[in-house]
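Number of protein chains: 2
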Amino acid sequence: MSTKAKEEQNTAESILADIAIKAQLADYSPIKGCMVIRPYGYAIWERIKEILNKMIKDTGHENAYFPMLIPESFLQKEAEHVEGFAPECAVVTHAGGKELTEKYVLRPTSETIINHMFSKWIESYRDLPMKLNQWANVVRWEMRTRLFMRTSEFLWQEGHTCHATWDEAQQETLTMLDCYKTLLEKYLAVPIHTGKKTQSEKFAGAEATYTIEALMRDGKALQAGTSHNLGQNFAKAFETQFTNDQNQLEYVYQTSWGVSTRLIGALIMGHHDDVGLILPPEIAPYQVVVIPILKKNKDNTEILEAAKTINNELQAAGIRTKLDDRVTISQGHKFNEYEQKGVPIRLVIGPRDLEEGKLEVHRRDIQSKEKDIPRDGIATRLQKLLAQIQKEIWQRAVDYRTEHTTIVKSIEEIETALDKPGGFARAMWNGDVALEKILKDKFKATIRCMPDDKELDASQHPCVLSGESSTNNVEILVARAY
Amino acid sequence: MSTKAKEEQNTAESILADIAIKAQLADYSPIKGCMVIRPYGYAIWERIKEILNKMIKDTGHENAYFPMLIPESFLQKEAEHVEGFAPECAVVTHAGGKELTEKYVLRPTSETIINHMFSKWIESYRDLPMKLNQWANVVRWEMRTRLFMRTSEFLWQEGHTCHATWDEAQQETLTMLDCYKTLLEKYLAVPIHTGKKTQSEKFAGAEATYTIEALMRDGKALQAGTSHNLGQNFAKAFETQFTNDQNQLEYVYQTSWGVSTRLIGALIMGHHDDVGLILPPEIAPYQVVVIPILKKNKDNTEILEAAKTINNELQAAGIRTKLDDRVTISQGHKFNEYEQKGVPIRLVIGPRDLEEGKLEVHRRDIQSKEKDIPRDGIATRLQKLLAQIQKEIWQRAVDYRTEHTTIVKSIEEIETALDKPGGFARAMWNGDVALEKILKDKFKATIRCMPDDKELDASQHPCVLSGESSTNNVEILVARAY
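First to last, the protein sequences are chains A and B.
If you're matching positions, the first sequence starts at 1 in this note's numbering and goes up one per residue.
If you're matching positions, the second sequence starts at 1 in this note's numbering and goes up one per residue.
I should point out that these hints are in silico values taken from the structure, not numbers from a laboratory.
The structure displayed is predicted, hence computed values, not measured ones.
Honestly, I wouldn't trust all of these hints.
For chains that are exact copies, the list does not tell them apart, and a pair is met inside one copy or across any two.
Under the rule of at most 30 Å between Cα atoms (straight-line distance), these lysine-lysine pairs were calculated in the DSS-like manner [said to hold, decoys possible]: (1) Lys-369 / Lys-54; (2) Lys-308 / Lys-22; (3) Lys-49 / Lys-186; (4) Lys-322 / Lys-49; (5) Lys-202 / Lys-57; (6) Lys-57 / Lys-120; (7) Lys-298 / Lys-77; (8) Lys-308 / Lys-49; (9) Lys-358 / Lys-454; (10) Lys-131 / Lys-32; (11) Lys-295 / Lys-409.
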């Protein structure tokens with residue numbers, strides 16, 4: 001990596017940490033690589049959970065909970081899987097004052113333990129499909145950690161399903177990828193590319209991995225979620241079989257899929273400015289903060305009552321609000337706090353405004369202020385404004401991605417594009433893994449995915465590696481990534 | 001313990017396991033003492049979370065998340081705490097392929113790590129009160145485990161708060177105890193005694209522990225939740241200080257409080273019969289199961305449509321329902337499944353019923369069936385029936401407890417009462433710890449609490465140990481416990 005690239009990386013990391021700390025989303029903990037998720041950060045996670053959990057249930061899944069400890073021998077049953085995860089495992093060797101006869105690893109993901117249970121529960125086609133999900137903490141011991149983006153312990157959901165046919169498993173894999181796309185685009189206002197990973201980038205143990213790839217405002221790509229068609233790999237390792245309707249014994253076809261607290265990292269690096277975080281209204285824990293101008297050691301009854309009335313009015317209209325009625329904290333301090341936290345709208349109520357039937361509305365995403373907004377019909381007005389803000393934050397992210405996507409025809413063009421403007425390089429590829437080695441060694445970049453949204457004509461556009469065009473070539477997105 | 005008592009214990013345990021497995025609430029896992037919470041059990045946990053989480057937020061708390069790994073040295077900072085928890089800890093000694101320089105324990109509870117963060121976040125009285133809660137998994141390595149009641153890993157919520165005064169901390173401790181009481185009595189239909197624990201039974205590190213004690217149908221008491229006034233114990237160990245409004249440095253006053261998946265154990269052992277679980281409607285994941293009588297290889301369109309219409313009608317009325325439209329499973333099998341799962345009402349729709357505008361309603365708690373319930377107004381009728389079932393399940397539990405509470409005046413009377421009828425022995429006590437030793441050694445019993453609901457006259461009723469009456473004596477509830 002060039003010095004410039006390294007510098008940019010350091011800057012990006014300090015932006016991430018700076019915003020996360022100042023917005024009180026998270027804090028460093030005394031445990032290596034582990035963070036504390038503070039109430040405001042956790043409230044965002046709860047909002048993500050609320051939205052996604054509904055999608056997961058609406059698509060026919062049930063939640064369950066499996067042990068966090070996994071016998072070390074389980075991990076070893078699937079060859080690729082152990083190779084992928086063993087180096088990152090944290091290991092419990094002692095418990096209850098004694099050394100354990102078999103060591104346990106803290107789950108880095110739960111395919112193994114869940115397959116053990118599947119093989120106990122599934123007997124016949126009548127038991128299929130079995131579609132489970134769990135919300136849980138997982139541990140992957142990382143050398144280099146960053147708040148939200150890569151922490152030794154993180155929170156996630158992991159779905160695990162069993163099906164009678166490969167087609168059904170494939171359909172499930174894509175259905176969940178689509179749920180993730182909706183979550184990211186409609187709620188987080190983060191545009192993503194869906195697509196398949198290359199063999200070298202797929203999940204350890206999967207037949208195929210599908211990803212949602214986002215672009216952060218520092219020009220780096222982020223794998224924001226993945227959905228795997230596991231084929232029969234784990235089923236064979238764990239003997240997860242069923243009797244089909246022809247009375248024959250078969251291995252089940254499986255999927256797994258997950259998103260994590262990394263999504264909060266996607267929000268931070270997707271939407272921010274020099275002041276701090278900018279939250280899309282759909283995902284903001286509170287969309288409007290109501291701040292009455294209070295005076296220390298004076299009677300604030302009237303203005304507080306007015307603020308409460310307005311606050312109730314907004315909530316009744318379905319707007320998520322917070323009323324900040326603290327007298328011990330100055331107004332300037334409050335303004336600053338909510339700007340750093342990215343609250344979409346600040347509604348300020350002063351004594352004079354009240355008399356005149358007017359309110360001050362501050363819009364966080366463009367830091368604009370309007371002083372004379374009529375008090376009457378404020379809820380309807382703010383509802384419309386929130387919808388507009390959501391739309392504009394989304395459009396800015398789309399525009400940024402368009403400006404940071406370069407169509408390239410050679411390795412040299414990839415290099416240039418990665419440095420400036422940064423972001424994605426869109427290319428054709430003949431599938432030769434030599435390209436992935438070059439990208440990794442020379443540019444610290446990877447093929448993020450073979451995108452579903454295609455723009456190039458394979459018969460015309462040459463492979464970046466061979467320079468030859470062919471309808472066998474595949475379209476790829478290349479980027480430096482988190 | 002007598003042979004009889006041991007036999008009863010084994011029977012009770014097999015009842016617990018039998019119901020939990022057959023109702024598909026949980027299953028054994030290959031990890032010692034850890035269970036898998038299956039979808040139906042997890043749905044009950046989600047319902048508990050939904051209710052309690054609202055209470056926790058309505059009383060001014062915020063959710064957060066702290067690391068699961070705790071440096072071993074943290075546990076040792078509070079003397080009583082380490083003594084209480086060190087023997088039960090699971091220890092991570094290796095991670096990322098290397099031996100760790102400092103070992104981590106898997107949180108048995110989080111006072112230590114949270115206090116470390118509190119001391120970083122709290123500076124002045126303006127930061128107080130700080131009232132946090134987390135929903136998390138914890139690990140306590142137990143010798144003898146039982147599904148839901150005592151597992152090596154379990155799910156719970158743990159609240160942790162800091163206050164400027166002792167009085168405020170005490171108020172908080174009792175407020176949360178009261179939330180737990182509401183959860184247990186109003187929703188789980190499990191009557192409980194609130195009360196203070198004796199010094200020997202309190203939480204390791206607390207100044208005082210308050211408990212909710214329930215009575216199970218095997219005559220054993222269950223500590224279903226606790227709320228601790230921690231005083232300044234952890235604050236002193238972790239230097240959690242604040243500048244008060246007189247500009248003086250003080251240690252904060254703290255509380256912590258928690259309930260766990262053990263509550264599902266309370267449901268099982270609180271409400272069951274020979275057939276299986278009996279769920280109170282308020283906590284049931286689905287209150288009504290709608291079963292259309294389907295015929296294999298025949299056209300079931302009409303009856304399925306009718307079932308869907310009725311199901312939607314019930315849901316629109318706010319009733320939680322499940323429509324079981326599986327054709328591959330026989331009707332008898334379905335009836336059996338939902339009876340074992342304790343679903344409060346089974347609504348059966350047969351072709352003839354449809355013609356006649358009538359439905360079959362089966363009530364799980366008393367296993368009664370009515371065939372000719374009018375189709376019209378079914379939602380209103382079932383709403384009323386659900387309320388009635390809730391009330392009657394509650395009353396049966398109250399009656400059971402009344403019948404299994406004996407007022408005693410001597411140690412001999414305690415022994416007799418514990419064997420028959422079993423349950424609680426209510427007594428007076430002069431506070432001499434010798435009693436606790438006798439109870440433990442001779443009867444495997446403990447003082448469950450000094451109940452808030454008092455029935456005895458201290459000046460008249462003698463201490464079970466000394467035989468003397470005194471207004472200094474305290475009222476106690478003694479029982480064998482889970």
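Evaluation of the provided hints:
no., hint, result
1, Lys-369 / Lys-54, "neither (36 Å within a copy, 35 Å between copies)"
2, Lys-308 / Lys-22, "within (28 Å within a copy, 51 Å between copies)"
3, Lys-49 / Lys-186, "both (15 Å within a copy, 27 Å between copies)"
4, Lys-322 / Lys-49, "both (20 Å within a copy, 23 Å between copies)"
5, Lys-202 / Lys-57, "within (26 Å within a copy, 41 Å between copies)"
6, Lys-57 / Lys-120, "within (24 Å within a copy, 39 Å between copies)"
7, Lys-298 / Lys-77, "neither (71 Å within a copy, 45 Å between copies)"
8, Lys-308 / Lys-49, "both (29 Å within a copy, 29 Å between copies)"
9, Lys-358 / Lys-454, "neither (50 Å within a copy, 58 Å between copies)"
10, Lys-131 / Lys-32, "between (35 Å within a copy, 26 Å between copies)"
11, Lys-295 / Lys-409, "neither (64 Å within a copy, 63 Å between copies)"
In summary, the numbered hints that this structure violates are 1, 7, 9 and 11.
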